[in-house]
Amino acid sequence: MSAQNALLAVEALSVSYGESKVLFDISLFVESTQIVACVGRNGAGKTTLLKCIAGFLKPASGSVTLDKVNLVGRPPYDIANLGVKYVPQDKKVFSDLTVRENLELGSYATKDYNWDPVTTFFPKLKILMDRKAGYLSGGERQMLMIGRAILGKPKVLLVDEPTEGLAPSIVSHLKSVFRELSRHTALIIVEQNLPLVCAISDKVYALNDGRIVAELNDEASIRVDVCEQYL
Amino acid sequence: MRKTIDWWWGILLAFSLLAVMRAFLPLPFVNEIMIFSIYAIGCSFLLGRVGFISFGQPAYLAFGAYGTAFYLFYFGTNPFVGIFVGVAAGFIAALIVGPLFVRLRSDYFALVNLALAVIIFYLMQKVLAPITKGDNGLWFLTNMTSTPLLDITRPNHFFVFAFLVALLVWAFYKYLDDTIFGACCLATKINEDKLQFIGYSNFKIRLSAFVIANTTTALAGSLYAVYIGSVSPEITSPARAADPVVVILLGGVGTLYGPIVGSIAYTGMKDVISKLIGNWEMIIGPLLVIIMLAGEKGIWGTLEPWLKKLFFRNTSSTSNKSNAGTDN
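Chains as they are written, first to last, in the working numbering: chain G, 1 to 231; chain P, 1 to 328.
Everything labelled a hint here was simulated from the structure, so no lab data went into it. Take these hints with a grain of salt, some might be off.
[Stated by the list, open to error] In silico lysine-lysine, BS3-like type, Cα no more than 25 Å apart, as pairs:
(1) G:92 <-> P:204
(2) G:92 <-> G:175
(3) P:204 <-> G:111
(4) P:297 <-> G:132
(5) G:58 <-> P:204
(6) G:58 <-> G:111
(7) G:132 <-> P:308
(8) G:111 <-> P:297
(9) G:51 <-> P:204
(10) P:174 <-> G:132
(11) P:309 <-> G:132
(12) G:58 <-> G:68
Based on the provided sequences and hints, a complete structural model is requested.
Given below as structure tokens:
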């Protein structure tokens, strides 16, 4: 697939931390309503790629475009306002704020005060509204972070290791949430949980040592045993 | 209605107690507390909400005080206009230095602010001495004209005015605490990167908080200038740079009433001890260390949960009963 009909297009992206280059000529294309997964070993550059798309790292070369709008050089808040939301791996929420206040922050930034999608996807958040986010469990924090990110109906959601350390029941719940979300949002998910990746992804990019080593984009090839060789 | 009462009760109670204090304590002491608490709340907001510790608050106090003093010494006689000019001077100064300072990390922020206080001190004492009259300062007590209704050149009228201003300032900060902006400030303190994920610019939030806090500090400076009737470079002395930080640590960082409680405790200790010993700092210093070690949340930070438990036990048990009734 080319950049022509892609919603988000990453082309020939290279990123360095100081003198050391960590991403080499990465090209990746995501269509609207597509779920794209990035798999690879630790240190392959998956999180770096997401951070670069979200504007937290400046690439050494290459381009990132959303609907043909260049994102490189824009500050992270600007990219978020253009419709690319990032859900980081560390599940750090604003611990001193309540769940309600965390969601209000998301609402105010996007001017989207309709929390129905959030509470439909995550009904548990309804009863946790007045609890300080610092007291939530790992799964509840993940729900809050995804819930806050989907306010304003982003065009692309970047999700970093969403199932890390979560109970199987929550992982299964997140699987159905991602499927539902992909009806109107493109998702790029960095994940090591291959059964989840294979169950929901329309396309899988395998990364190794900062390079894309495989692109799997049909049901026949998106299988756990195929993906496993890249981990 | 219930919500409004819940919202206001703390502020009304705190200010009722201050009004009662006026009946028992000397007027200069109460006026000093009023000004000091307004001085400290800006610093408390910066430290408690945004996570910026500032040792340069005397500089912003001086912008307000000298703004008022220049007006009342050289241009006009109305103290209300003088206060307005002082606040405007503080606002403009914060708007000029803010974009440079708020980009810095908290520790560097503390130091550049201290540097600013030192610069302003020497500007007022030496460089601008022909205008500021150097160490002698600007004296304008007799320049100020009486104003109808509230003649703030008289100490007892000044108390009423300072009381109303402080009440408004507290209501404003209480409102800020409850707004999205207040939540954004806290969020930028907790994790600045995460706030950007949602779509907020840390720079804009910090700059707004900085300007609000230091305009409040300038307001305290203007009030001080009108109350004393003179301003000298001593107001921005680096030796006094830690005063507001000490007051808010004493009262309770980030709490709404910490600056008032801290001001009362600090001014009280200073007044009582300075009557006994010339070098009162010798006693205050160790006393502060002991108080900090006893409870790092400060006086109000330690008392608040205890008072809430005491006063709201009955209210919460009543509301629990009524909730249970609804559920049934």
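### Query
When you check the alpha-carbon spacing of residue 309 of chain P and residue 132 of chain G, does it fall within 25 Å?
holds, 19 Å
### Query
Keeping to a limit of 25 Å between CA atoms, is the pair of residue 111 of chain G and residue 297 of chain P held or broken?
The hint is violated at about 36 Å.
#### Entry: Restraint status (C-alpha distance of residue 92 of chain G to residue 204 of chain P at most 25 Å)
Measuring from Cα to Cα gives roughly 22 Å; hence the hint holds.
### Query
Between residue 174 of chain P and residue 132 of chain G, does the CA-CA distance stay at or below 25 Å?
holds, 19 Å
### Query
Holds or violated: residue 58 of chain G with residue 68 of chain G, Cα cutoff 25 Å?
The hint holds at about 18 Å.
### Restraint status (C-alpha distance of residue 204 of chain P to residue 111 of chain G at most 25 Å)
holds, 18 Å
### Message
So if I understand the rule, the pair passes when the alpha-carbon distance is 25 Å or less; does residue 51 of chain G with residue 204 of chain P pass?
### Response
holds, 22 Å
### Message
Against the 25 Å threshold, does the CA-CA distance of residue 58 of chain G and residue 111 of chain G hold or violate the hint?
### Response
violated, 28 Å
### Distance restraint between residue 92 of chain G and residue 175 of chain G, which requires alpha-carbon spacing of 25 Å or less
holds, 21 Å
### Task
Sort out whether residue 132 of chain G lies within 25 Å of residue 297 of chain P, counting only the CA atoms.
holds, 19 Å
### Task
Please work out if residue 58 of chain G and residue 204 of chain P have their alpha carbons no farther apart than 25 Å.
holds, 21 Å
### Task
Quickly compare the C-alpha distance for residue 132 of chain G and residue 308 of chain P to 25 Å and report which way the hint goes.
holds, 18 Å
Checked against the numbered hints given earlier, this structure breaks hints 6 and 8; the rest are met.
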